[in-house]
Every structure is written in structure tokens, then in C-alpha cells.
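Undergrad: Got chain U; can you put chain V on it based on the hints?
Going line by line, the protein sequences match chains U and V. With the first letter of the first sequence counted as 1, position 427 gets the number 426 in numbering that gives the first Met the number 0; the numbers rise by one all the way through. With the first letter of the second sequence counted as 1, position 66 gets the number 65 in numbering that gives the first Met the number 0; the numbers rise by one all the way through.
Because the hints were derived from the structure by calculation, they are not lab data. Here the structure is a predicted model, which is why all the values come from computation and not from measurement. Keep in mind that the hints are not guaranteed to be accurate.
Since the list gives no way to pick one copy over another, a pair counts as held whenever it fits inside one copy or between any two copies.
Stated by the list, open to error - Derived DSSO-like pairs: lysine-lysine, alpha-carbon spacing no greater than 30 Å straight-line: (1) K468 x K205; (2) K82 x K174; (3) K103 x K417; (4) K163 x K174; (5) K174 x K300; (6) K195 x K468; (7) K205 x K103; (8) K205 x K195.
The chain contents come next:
2 protein chains.
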Amino acid sequence: MMQAKSDDSADTIGERASNLAYILRQRRQRLAGLINFPVILWSGRSTPRNYPGNLFPFRASSHFLYFAGWGVENAAIRLDSGKLELFMDDAHPSSALWHGEMPKREEIAQMMGADAAFPMAELGSRAASAATIAVQDATTYLQQCQILNRLVLPANTPQGIDLKLTGAIASVRLKHDFGALAQLRQAAACTVQAHKAGMAATASAKVEAEVRAAMEAVITAHDMTCAYPSIVTVHGEVLHNEQHHHPLQPGDLLLADVGAETAMGWASDVTRTWPVSGNFSSSQRDIYDVVLAAHDACIEKIRPDVEYRQIHLIAARVIAEGLVDLGILQGNAEYLVETDAHALFFPHGVGHLLGLDVHDMEDFGDLAGYEQRRARSQRFGLCYLRLNRPLQAGMVVTIEPGFYQVPAILNDSNLRSKYQDVVNWERLAQFGDVRGIRIEDDVLVTEAGSEVLTAALPTDAGAIEQLVKGS
Amino acid sequence: MMQAKSDDSADTIGERASNLAYILRQRRQRLAGLINFPVILWSGRSTPRNYPGNLFPFRASSHFLYFAGWGVENAAIRLDSGKLELFMDDAHPSSALWHGEMPKREEIAQMMGADAAFPMAELGSRAASAATIAVQDATTYLQQCQILNRLVLPANTPQGIDLKLTGAIASVRLKHDFGALAQLRQAAACTVQAHKAGMAATASAKVEAEVRAAMEAVITAHDMTCAYPSIVTVHGEVLHNEQHHHPLQPGDLLLADVGAETAMGWASDVTRTWPVSGNFSSSQRDIYDVVLAAHDACIEKIRPDVEYRQIHLIAARVIAEGLVDLGILQGNAEYLVETDAHALFFPHGVGHLLGLDVHDMEDFGDLAGYEQRRARSQRFGLCYLRLNRPLQAGMVVTIEPGFYQVPAILNDSNLRSKYQDVVNWERLAQFGDVRGIRIEDDVLVTEAGSEVLTAALPTDAGAIEQLVKGS
Numbered sequence: 000m001m002q003a004k005s006d007d008s009a010d011t012i013g014e015r016a017s018n019l020a021y022i023l024r025q026r027r028q029r030l031a032g033l034i035n036f037p038v039i040l041w042s043g044r045s046t047p048r049n050y051p052g053n054l055f056p057f058r059a060s061s062h063f064l065y066f067a068g069w070g071v072e073n074a075a076i077r078l079d080s081g082k083l084e085l086f087m088d089d090a091h092p093s094s095a096l097w098h099g100e101m102p103k104r105e106e107i108a109q110m111m112g113a114d115a116a117f118p119m120a121e122l123g124s125r126a127a128s129a130a131t132i133a134v135q136d137a138t139t140y141l142q143q144c145q146i147l148n149r150l151v152l153p154a155n156t157p158q159g160i161d162l163k164l165t166g167a168i169a170s171v172r173l174k175h176d177f178g179a180l181a182q183l184r185q186a187a188a189c190t191v192q193a194h195k196a197g198m199a200a201t202a203s204a205k206v207e208a209e210v211r212a213a214m215e216a217v218i219t220a221h222d223m224t225c226a227y228p229s230i231v232t233v234h235g236e237v238l239h240n241e242q243h244h245h246p247l248q249p250g251d252l253l254l255a256d257v258g259a260e261t262a263m264g265w266a267s268d269v270t271r272t273w274p275v276s277g278n279f280s281s282s283q284r285d286i287y288d289v290v291l292a293a294h295d296a297c298i299e300k301i302r303p304d305v306e307y308r309q310i311h312l313i314a315a316r317v318i319a320e321g322l323v324d325l326g327i328l329q330g331n332a333e334y335l336v337e338t339d340a341h342a343l344f345f346p347h348g349v350g351h352l353l354g355l356d357v358h359d360m361e362d363f364g365d366l367a368g369y370e371q372r373r374a375r376s377q378r379f380g381l382c383y384l385r386l387n388r389p390l391q392a393g394m395v396v397t398i399e400p401g402f403y404q405v406p407a408i409l410n411d412s413n414l415r416s417k418y419q420d421v422v423n424w425e426r427l428a429q430f431g432d433v434r435g436i437r438i439e440d441d442v443l444v445t446e447a448g449s450e451v452l453t454a455a456l457p458t459d460a461g462a463i464e465q466l467v468k469g470s
Numbered sequence: 000m001m002q003a004k005s006d007d008s009a010d011t012i013g014e015r016a017s018n019l020a021y022i023l024r025q026r027r028q029r030l031a032g033l034i035n036f037p038v039i040l041w042s043g044r045s046t047p048r049n050y051p052g053n054l055f056p057f058r059a060s061s062h063f064l065y066f067a068g069w070g071v072e073n074a075a076i077r078l079d080s081g082k083l084e085l086f087m088d089d090a091h092p093s094s095a096l097w098h099g100e101m102p103k104r105e106e107i108a109q110m111m112g113a114d115a116a117f118p119m120a121e122l123g124s125r126a127a128s129a130a131t132i133a134v135q136d137a138t139t140y141l142q143q144c145q146i147l148n149r150l151v152l153p154a155n156t157p158q159g160i161d162l163k164l165t166g167a168i169a170s171v172r173l174k175h176d177f178g179a180l181a182q183l184r185q186a187a188a189c190t191v192q193a194h195k196a197g198m199a200a201t202a203s204a205k206v207e208a209e210v211r212a213a214m215e216a217v218i219t220a221h222d223m224t225c226a227y228p229s230i231v232t233v234h235g236e237v238l239h240n241e242q243h244h245h246p247l248q249p250g251d252l253l254l255a256d257v258g259a260e261t262a263m264g265w266a267s268d269v270t271r272t273w274p275v276s277g278n279f280s281s282s283q284r285d286i287y288d289v290v291l292a293a294h295d296a297c298i299e300k301i302r303p304d305v306e307y308r309q310i311h312l313i314a315a316r317v318i319a320e321g322l323v324d325l326g327i328l329q330g331n332a333e334y335l336v337e338t339d340a341h342a343l344f345f346p347h348g349v350g351h352l353l354g355l356d357v358h359d360m361e362d363f364g365d366l367a368g369y370e371q372r373r374a375r376s377q378r379f380g381l382c383y384l385r386l387n388r389p390l391q392a393g394m395v396v397t398i399e400p401g402f403y404q405v406p407a408i409l410n411d412s413n414l415r416s417k418y419q420d421v422v423n424w425e426r427l428a429q430f431g432d433v434r435g436i437r438i439e440d441d442v443l444v445t446e447a448g449s450e451v452l453t454a455a456l457p458t459d460a461g462a463i464e465q466l467v468k469g470s
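In isolation and in its complexed conformation, chain U is listed as follows (with noise of 0.2 Å):
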């Protein structure tokens, strides 16, 4: 049997396809080991943007790309004790005009390393007691209740044997193989291109948009997609601020949070936060390194059997001390992270899991993230936090420490009435040029501790203000 070989040493892309066969073949395998019942997972279709002939770009469903390799429209496979089948449609001849020759299902098929290939129409005769996951298109999703005969539930709320497929797959997609590492190895080093490409474009930019075009076409130059709404903003203290409109004034910071995914849908998610000007107020400077001592703190404890809460809660408390360095918070920092006040300023968890999606498994709500039997906290500081897990050599997770003044939580009045004593208001003014920061990387848990796979770009303030500067 061929050996599993990294895509740079493949010399071939016929080598190249045995590989990633071998490397599929080893993943269903995994999963038969866990369940003695058959699968049938369905790629999805791609939605319409504004009228049918006008698509959002496909991307198939990750449970199907994990195990299937390519990302095949309006196909499916059926999972039964390590073998697979496709079932898929070959294009009507008259679409080659339109979209060139398309590779036949036996091909397909064979770069799949299938062990057999059907038409779609032959998928309900061998769906019969196969468990499912719930796709997110609703037109695909319809498919699955009719062939299989019966509700699919959601995926985040799966039941009998689709349970059973969820901790299943969640169990063999935690720990990333040879093939996944290598393709989010490749995310990874496009991503740093593209924030070293944003540093560089800022001295001459005048709008926020204007940044996010420079690293984005560092992304699509490699042929990769963003794996998620770009966040490049000056206005770091709206987490998920998707607006992009804001110009860009010398004494203000740029939140940056964009990342790659491969063609074979891997992600990387990174996050960087510069200064227009080149140059780091000392305010700006303080809270930045408070910001870089959480990250690294987080990432020095990261090792196989650690408990991902507690990198949470190691971020917090640097935090928290870092604020009574500051004369920001007052008091015990111990007793701050257990009265959640560092979530004032840290509102939400230090990071996730990733793989193929960037928060990898996501549509199994937290079926993947936590534990079984663990649920969410009710907690002010505990409540976003989406991995609650002990870490396994193999998993990716980010660490993305942050802090951020949003006006929603401090011009909170239970939360003022609550915190008053903790909080020097007068002080925090004096850092009123700080509305957000963060500092993420990709981190993978390795035997003896962890790796960056985003180590490439700094997060040292000087090193980071030199790129900016173009120096």
C-alpha cells in the first residue's frame, strides 16, 4: 500500500490523488470502527444570490468533504464498514458550453478511492436504515428526509442513531491526520501573507475597505476562498463587525480577522491589530501587550490533557492582572476572573476548534466542542466560551485573546451598579484611543505541547509596527 506521502513531495498529481485516496480510505476507517450502521452524507447544492443562474460559490458540506475529498455538487456517499459508494449525476452533455468538460463519476469516483460509483436515482434503494447528518441548505436538506424517509432533525440537535453519527464523526474530526494538517498548513501560510499584505497597504489606504482588498487578494491570488467573513475594522469593539466603510485616522487601531481555506475547504483563522500610523500610542502600546501576554501565556500551557477552560481562564487572569497593572481594575486578580469583571473588557471565549470549518463542527452546535455531558455556563465570562474539552495531540485550536470597550456592555447600568468598585472609570478614559483588540493564531496540540501554525507573522508590537512601516 502506497505510503502517505505531505502534497509538497508528491510528485505527481496521479501520486498525489493515490495519497489523498490512502489518506480518505484511513478516514473512513476510523469511523467504521465507532458505529455499526451505515451513512449517507450529501454534499449540498450551491444558493441562489439573486436569481437560479446567479450562485453563491459551492462549498459542500464538511462531513462530506472529510470523508469524500472533493467537494462534488449534488452528490452523496454511502458509508458502510470503511467502503464507500458515490452517487452523483454526470453534467448533461449541453453543459459543456457553459462550465468546459467535467470530470464523469468514474473518475470521481476513483479519485475518491469509491468502491463503487451510481447515478443519484439509485441512492433511495440503499438508503434503508443509514444514519445522516443535517446539511445546511434547506433544498438539500428536504432531499435527505424524503430519500431516507423520515425527519432529519437539525444537526445541532441530532437523535438516535444521527447522534450516534455526531459523536462518531466528532470523535475522528477532533484530531487532525497527515492530509488535514498539510492543507491547513497551507491556510495557515497564505493567511500570513495576506495580514503582512494589510500591514503594507495601510500607510496608503484612506478607507478600511481599501486594507481588507490588499489581503484579500493575497487570498484568491493563491486560488483560496476566505473562510469567513472578513473582519477589517477600526471599530475592533464590534466583535463581528462586517462594515468596512470607516476611514482610517492616524491615532486609530486596525482590527484585522481574516483568514484562508484551501480549495479542499481547510481553514485558518488569524487575527492581527496594528496601527494606522505605524506607531502605537502608549496607551494603545499598554493594552496591546497585556493583549500579547494572555496569547502567549495561553499558548506556553497548551499540551495534551490540558483543559481548553483553563487556557480560557489563564487568558483571563493575565488579563485581569494586566488591568491592575494599569490601574484599570482594581483588586485580586484571581477573584476578578471569578467575579467574570475581566469579561468587561474580554467578553468573549479564547478561541475554538478549526479544521474545515473555521469553527470546526459548528452545526453540531456543542456537540463537538464540549465534553459529553458538559453544557454551557450561565457565567458573564464563561458563556462564549465554544470548546470545553481537555486537548488531544491533533486538535487545532486558536488562541485569540482580546480586549475591547463596547459601549452595550459599559454603558450597562447592572453591569456599572455591579462592577462599580472594580472598575477606575477615570483611569480607563485615559485609554479611550483602545476600542479593540486581538491577537489570534492557529495552534496545534502536539505531543509535547503545541506548534503556531501561524508563527510566520509576529505579534510583537515593534515587529508589527515595522511591517506597517514598510521598514
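TA: Only chain V this time, still in chain U's reference frame:
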């Protein structure tokens, strides 16, 4: 009442908004003059890319946008006798953390010039006897059927009052008003810049994706979006080629069909074809000039009351004549067009309507593009014609003749035998370096004739060469 002004001359955001509300009210009045029943139009909602939190960018239904102006997600408008009622729910206060403070229903209602505004839950009680247009996203479509308490047929096969509404909207949207033209001019100006950037980027690009990146970066930097999936390819013979991985070779022609869409949803659609090396070969130049002659002849003939089908046939005839002159086709040009021989090399229609959709109102099927009681021809040379109406002042159409060597056509044994006497295959072989050429502009029909909205982008072969060479 405030006089409508162009966006450029509006002095303040407030004035611009009042200006827009005036334009929107006029649109509603025009519709009210054509129908005597209430109408409910839904904006639709975002569709997930791979899990519910990772969404494709929201694009509101074009019919909603046309009458409401603002692409508010998960909203509906009820139009009755020129009055507008807005139905939407304010964002939950907790969303401010993630998305910032969003405009409230009352503010949006004011921007739209609405006569009243209600929570979404009120829509059911105001839905009796209302006509609608089916939206594209399946989730909202189900909501339409539920709230109207009837089956809503797809937008290309409406019945009853929905069919009447379709005809009325088509007639209103066919001719663009002042506000629409201001938007279409903005989209055109940005698109011209994108194409110039693509030409300038070609010399240093190694693959198609790098040129695509340079073009889309201009669109992104203007805070606009791509109106449709960009085609940037050395394989122009694949009409809707969305692959961008091919290397650029010095002898290649690069075909780029890329258009911007403004934030308010108005599209541009432009194609240029240029030599990677900066110099057309003589065979490429010969064919380019044939396609350009067709392009120019079509635009020359555009004026009110001319049948668009005639414009298409002019393109066919000029191409046939040009190919006869080059010795590729043999015989009388008129006869060649009557027998569809031109379609061996120009197998698509010469253009389409342009507006909020890049193929404007194509969700209506041919109900907008085709005059009542006209149907698609079965002829090889006419079956892909998307517009078959007399032109009217205020329409914007594309003019996009082309020449392609499509293997699926030229290797088709039936077509080869049918046209064996009119094609000089040996002579054709001398044009092997011309896989696909298209030249496309956006043209406004005026009382006096026409105005090319994208005229700032040269079409002349020599000028194109200069732009590619950067001199």
C-alpha cells in the same frame, strides 16, 4: 417636494436619504398605477456557508431592493396604492456585542419613506389577498407560503395576481430612473477601474487567479461586491469558466468578465480580452477586430423601438462577414446567419438586460426579457437569446459579441457534417491561438440613441495592448 438630485451632488447623508426616499416613492407610485391589489415583498435572509454562524453575505431580493432601497435582512414590505408598510423586528439587544448598534425599525422606515412600520408578527394579519414574488432562499420561501396561506409558485411560473404583479414589476423595472442610473454609473466606473487593474497586473502574474485578485481588489476597495462570479481565464471558450488555476503563457489571450455591484445592489457587467504578452498575434488581432466590429455595429444601431433581436442578428451578420473575409467561413453572410453557421463560433445571445440583477429580472424566467406572446426560438443561433423586446429609452442592456472555439461544438459530428461545406477547417486551424474572445459593454438606451456607460474602458486593440504593457 424635494427635487431629486444625483448622489454626487447631495450635500449630506440626510439630504441623500430624503432624495432616495423620494425616488422610492415614485417607484411605488408607478407600480400602483398598474395594479389594484396589495403586494408583499420579502427581502430574504442569509444562507449558511458551512454552519449557521458562517453565512454568505446577505443579498436582499432585487424586487424588495427596488421598492425599499435598503437591503434589510428578514424584512417585508407591503405596498398598497403607493403606500409602504415595513415589517421587521429590531435586533435583540444582546446582538450589539457582536454586530454593534443596528438601525432601528423606525429609522429604516424613515430612510425608505415608509408610511408605517410594524413588527414582523403583524404581517400575517395584513396579508389577505396580497400578491407576491417567490424569493430564492428556501427558508423565506416557506414563510411566504405560510403567511399568505397558499402555495406561492416559483418566480418564473407565477399565476393569478402573482403573474399580474410580475408583469407590472417587469414593466416598471425595465426602464431605469434617475436613482438607478446614478447607481449603474457608479458600478460601471468601478468596473472600468477593475479591468484596467487586471490588464496592468497581467505582466507580473503567473496564473489566472493573480489577475482575478487584482481586479476584485479594486471592487472590494470601493466597498462594492462582485455582481457575479468572475470569469478570468485563458480558456475563454468555456463560457462560464470559474476556474482560475491555469498558468498564463505568453501566447495566450486572457478573457476577463468581471463586474461590480454597488452597496445598494446595482450591477455592472464588462468583458475584455487581452494578450498576456501585451501583443496580439496577427491571428488573434484578426479575430479580435471582427468581434469589435460586431460590438460597434450593435451599439451604433441601438435606439428606442429597435428590436433587440435585430441587434443580435447584426452581431451575427458582422461576425459571419468577418469570418468569410478571413476565409474561415465560406458563402454569403446573410445565408450563413439564416442557417445559424455563425453560431458555431458565436453560440450565445448578444446580451441581456442589466439592472439590480446582472441578468436583470432573470428570476422571472423570460417574463421580463421576452415581450408577451414571444417564446425562445429553437434555432441553434437564437436559442440563447435572453432579451427579445423592442428597446425603450431608459433600458440598460449589455452588448457582448464573441468568438469561441468550443470543442463541444466544433467536435460535434452532427454539426460538423451539417456545416461541412461552409467551414474551411484548414484555414480555421491557423487560428488555433484564439480560444475565446468577448468584448462586452453596458449600454443605456437614450431618446437620441445610446450611451455606453463603460466607455471609459478602451475596446481598440492597440489601446488594450498599451494598457497591458503599462505604457
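Undergrad: If a hint holds in the structure, say so; if it doesn't, say that too.
TA: Hints versus structure:
no. : hint        : result
1   : K468 x K205 : both (15 Å within a copy, 28 Å between copies)
2   : K82 x K174  : within (21 Å within a copy, 58 Å between copies)
3   : K103 x K417 : between (64 Å within a copy, 28 Å between copies)
4   : K163 x K174 : within (18 Å within a copy, 57 Å between copies)
5   : K174 x K300 : within (19 Å within a copy, 64 Å between copies)
6   : K195 x K468 : both (11 Å within a copy, 28 Å between copies)
7   : K205 x K103 : between (48 Å within a copy, 29 Å between copies)
8   : K205 x K195 : both (18 Å within a copy, 21 Å between copies)
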